[in-house]
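Please take these sequences and the hints and turn them into a complete structure.
The residues making up each chain are set out below.
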Amino acid sequence: MVMAECELSTGIQSGLGSEDRFRSIVDGIPSLVTILTPAGELEFANRQVLEYFCATLEELKNWAPFVHPDDRSRVLASWKHSVETGASYDIEHRIRRADGVYRWFHMHGFPLRDPDGRIGLWYVLLSDIDDRKRAESLLEGEKALLEAVISGSPLPDVLDALCKVVDSTAEGCFTSVLLLDRTGTEVGFVAAPGLPSEYKQFLEGHPVDCAGGPCGMAITLNTEVIVSDMASDTRWERGGFPTAALACGIQSCWSSPIRSSTGEVLGSFAITSRQTGRPTPFYRVLMEQFTHMASIAIERMRSEEALKRSEALLAKAQRLSATGSFWWRAETDDIKWSQEAYRIFEFDPAVTMTHELIRTRVHPEDVPLCDEIINSARGTGSEFEYELRLEMPDRSVKYLRVVAHATKDQEGRVEYIGAIQDMTQQRLSEETLSKTRSELAQIARAMSLGALTASIAHEVNQPLSGIITNASTCLRMLDADPPDLNGARETARRTLRDGNRAADVITRLRALFGKKGVTSDSVDLNEATREVIALSRSELQRSRVTLRTELADGLPAVTGDRVQLQQVILNLLLNAVQAMNSVDDRSRRLMIRTEREGEDHVRLTVQDVGVGFDGKDVDRLFEAFYTTKTSGMGIGLSVSRSIIESHHGRLWAAPNDGPGATFSFSIPCVQQTVKGSRNLDATRTLGVANSEHL
Amino acid sequence: MAMRSLVSVVDDDESVRESLPDLLRQFGFVAEAFSSAEEFLASDCIGRTTCLILDIAMPGMSGPDLQRELTCRHQDIPIVFITAHQDETLRPRVLAQGAVECLLKPFSETALLAALSAALRVS
Chain A
1 MVMAECELST
11 GIQSGLGSED
21 RFRSIVDGIP
31 SLVTILTPAG
41 ELEFANRQVL
51 EYFCATLEEL
61 KNWAPFVHPD
71 DRSRVLASWK
81 HSVETGASYD
91 IEHRIRRADG
101 VYRWFHMHGF
111 PLRDPDGRIG
121 LWYVLLSDID
131 DRKRAESLLE
141 GEKALLEAVI
151 SGSPLPDVLD
161 ALCKVVDSTA
171 EGCFTSVLLL
181 DRTGTEVGFV
191 AAPGLPSEYK
201 QFLEGHPVDC
211 AGGPCGMAIT
221 LNTEVIVSDM
231 ASDTRWERGG
241 FPTAALACGI
251 QSCWSSPIRS
261 STGEVLGSFA
271 ITSRQTGRPT
281 PFYRVLMEQF
291 THMASIAIER
301 MRSEEALKRS
311 EALLAKAQRL
321 SATGSFWWRA
331 ETDDIKWSQE
341 AYRIFEFDPA
351 VTMTHELIRT
361 RVHPEDVPLC
371 DEIINSARGT
381 GSEFEYELRL
391 EMPDRSVKYL
401 RVVAHATKDQ
411 EGRVEYIGAI
421 QDMTQQRLSE
431 ETLSKTRSEL
441 AQIARAMSLG
451 ALTASIAHEV
461 NQPLSGIITN
471 ASTCLRMLDA
481 DPPDLNGARE
491 TARRTLRDGN
501 RAADVITRLR
511 ALFGKKGVTS
521 DSVDLNEATR
531 EVIALSRSEL
541 QRSRVTLRTE
551 LADGLPAVTG
561 DRVQLQQVIL
571 NLLLNAVQAM
581 NSVDDRSRRL
591 MIRTEREGED
601 HVRLTVQDVG
611 VGFDGKDVDR
621 LFEAFYTTKT
631 SGMGIGLSVS
641 RSIIESHHGR
651 LWAAPNDGPG
661 ATFSFSIPCV
671 QQTVKGSRNL
681 DATRTLGVAN
691 SEHL
Chain B
1001 MAMRSLVSVV
1011 DDDESVRESL
1021 PDLLRQFGFV
1031 AEAFSSAEEF
1041 LASDCIGRTT
1051 CLILDIAMPG
1061 MSGPDLQREL
1071 TCRHQDIPIV
1081 FITAHQDETL
1091 RPRVLAQGAV
1101 ECLLKPFSET
1111 ALLAALSAAL
1121 RVS
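Chains A and B supply the protein sequences, listed in that same order. Here the first sequence stands for residues 1 to 694, numbered as in the numbering used here. Here the second sequence stands for residues 1001 to 1123, numbered as in the numbering used here.
These are computed hints drawn from the structure, not numbers from a lab. For clarity, every value in this text was computed on a predicted model and none was experimentally measured. Be aware that one or more of the hints could be misleading.
[What the hints assert, rightly or not] Cβ-to-Cβ under 10 angstroms is the rule here; a few derived chain A residues that face chain B:
id: 1; residue: M477
id: 2; residue: D484
id: 3; residue: R501
Note that beta-carbon positions come from the ideal geometry of N, C-alpha and C, so glycine has one too.
What follows is the structure in structure tokens.
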């Protein structure tokens, strides 16, 4: 090209001595070349130019009508500017080819100057860039479509836009998309922006089956359907489709099913043309590409609808169950809350959630607990579950249960997914229930005491009745004249017997309600303690007690009744919890420790920071019916002590130096060499026999 | 008070069956003891019994069951109930159903005599 320009300029400068040679060179260039005067008049056009437009040089001198009307004013202005200023001419626009089709060209013009710098003439090269331009516009269209899909534009708009992109690329063609409704049997929506509305209406009213035209057939058979000549095709004679299509000027129709990623048919994509014919490879690619794009748009919309539905359902479920959910990345402290979580905390959903903000709602007494849980969760990355109180701005209190599950993200960072349940209503009804239950328990206890009394009375009254009757008889026999001494002796003997019988009843009662036979097994005190803690966990949480355990390793087993020992541990633990119920100015810490005591004993210690007791009351603590509590019978400690004593151990209490009290018991542990029971079988047998009597 | 009339005792408690007839004989009655209502019904004493001392709670047929059975048989025997169950509501109930008296065990000989007198006046 550069060489050609040199030759041309040389030829002209040499006074055009060999115009033929110049023409042959320029005509040989496989490109469209024109030469214009400094004033912008067309002076020369090579053969390729004349052939392309199928016009003479004279006809081309008025070249403006060959420019696409939409581009014309822009082109003329740009050319005028170049001619006036000498600036190079560089523009892309459409030009009408001989067959009437407009194609995109790149015009590149530059001036040739004489040694004085004046413009001698203009060269303008015309390059056909139609394919590139088309690909570009297609790409742009696709990009715009994908953006519309992603930004969540309504599906009808997206499908309409999709048709328009194809229509603008494929000249003389009109695209339509049919979308099936949810049932999959009817046309739910038709996008065909380039087609007459009658055609659209015809399709919308038509059932989806093989008689419904090429689109219905493509959907029903799940295959591509090509109609190259509508007038001669006999497949839809009864359906009236050809008539409707021909009435709209449609001569051919190429339809393919739109399939989801799982293969389900969602609708159809069709290119119709006012000319007969089959799709060229270009159109085949176009169809494939845009059918796929329609599938993406439809699927995206459907999954978004499904997501919205499930989100709405989730929100409703959270509302109904008063349960919010949260996500927390421990490392960065990113927190995300559901609407319901915001509602429970009564925060504006627009605010960003932080631990500081959460703390402002947590009940002042629970702030230490809350901090402790957050800190330990941050470190360990394990599950957590706890109960927490909130104090709302109106001073009302809410009871929450928080459960969280830890996971790790791809980078190994700890993340929590959890639920916050508003337990306030449940808690209030539980409290009412608990109150009712304890009232019932008192009534039941009173009733069973009554029944017990009646039963004891009956057992004792029977022999008493005999005693009194016999004594009366005996007196009468002695008073008789003569006295019936044998009879008196017999009745006195019976009196004695009945007296013994009454005494037996009392003995049996004492055996039944007093010391029972205890089972004697090897008991791991640590394990027994862990079981008790597990049983009391919810009570500890409910009372917001933080428990610390120091259970000694390798603790020797003790011999005794596991259940009785656990009753003692439970009693000490619950006493400690109750002693801290009114503690609000410090965290409610409870410590349970097991350890060896000397060679042959193990000790269990329960330490609280509760109200404690006065040192001088220490002995009274273990009296039955002595209590520092407003509720309860005060019977626990005296029973506990008698259980420990029956295990040959001792139970004692001491006030702490600081707040609270420490209760301990110590019992002998199993001697490695000595085994066996403490001859308790006899007691047990007696117990069984007695209960049969009653 | 007609002398030598028969007083029957029905009670499942042996010490009552041993002691009460002896006391009744000291009072001058003829006395018979039965360990159950069924045993009494099977005996030939029903027609001769002028007063029945009847325990309320017994295995098998209870005292009130026997009372109903006797009413059905038109055996109009005055009944004195005895019981070791100290139930305040029991006495008015059995009295309402036609018993002469209801004695709570243990009872004194004075109370027993008063009840027997009342029973024999009825008969």
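Structure-based check of all given hints:
1. M477: holds, 7 angstroms
2. D484: holds, 9 angstroms
3. R501: holds, 7 angstroms
Hint check: no violations occur; every hint is consistent with the structure.
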